[in-house]
Amino acid sequence: MSGKLVEYIKQLYNPPLSDEEAVKAKDNLVGFFKILQEADLRLRREKEAEKKRKRGKKNQTLNQTKPSL
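Using the numbering used here, the first residue of the sequence shown is number 1, and each one after it goes up by one.
These aren't lab readings, by the way, just hints derived from the structure by calculation. Do not rely on the hints blindly, as some may be mistaken.
[To be verified] Here are the simulated DSSO-like pairs of lysine-lysine, each with C-alpha atoms no more than 27 Å apart in a straight line: (1) 10 with 24; (2) 26 with 4; (3) 47 with 57; (4) 34 with 54; (5) 51 with 34; (6) 10 with 26.
Generate the whole structure from the sequences, applying the supplied hints.
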């Protein structure tokens with residue numbers, strides 16, 4: 001897969017990139033997508049934590065408004 005990506009990257013440029021330049025470009029692209037995936041995962045975790053906090057606050061409010069037996 002990475003070999004095909006390097007060849008594709010080389011074809012995008014005029015004049016074409018050298019093999020070394022194309023490999024560096026591929027590594028940068030792969031690194032960028034890893035960072036993007038990590039940011040997405042963090043956002044999902046934060047949203048889930050916020051939902052849990054909101055549910056916890058709702059439960060506390062409901063418990064406080066229930067009449068005692």
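How the hints compare with the structure:
Annotation: proposed proximity of residue 10 to residue 24 holds, straight-line Cα distance about 11 Å (limit 27 Å). For a cut-off of 27 Å, the pair hint linking residue 26 to residue 4 stands: about 10 Å separates their Cα positions. Restraint check for residue 47 and residue 57: satisfied, since their Cα atoms lie roughly 15 Å apart, inside the 27 Å limit. With a C-alpha separation of about 30 Å, the suggested pairing of residue 34 with residue 54 is violated against the 27 Å cut-off.
For a cut-off of 27 Å, the pair hint linking residue 51 to residue 34 stands: about 26 Å separates their Cα positions. For a cut-off of 27 Å, the pair hint linking residue 10 to residue 26 stands: about 10 Å separates their Cα positions.
Violated hint for the displayed structure: number 4, the only one.
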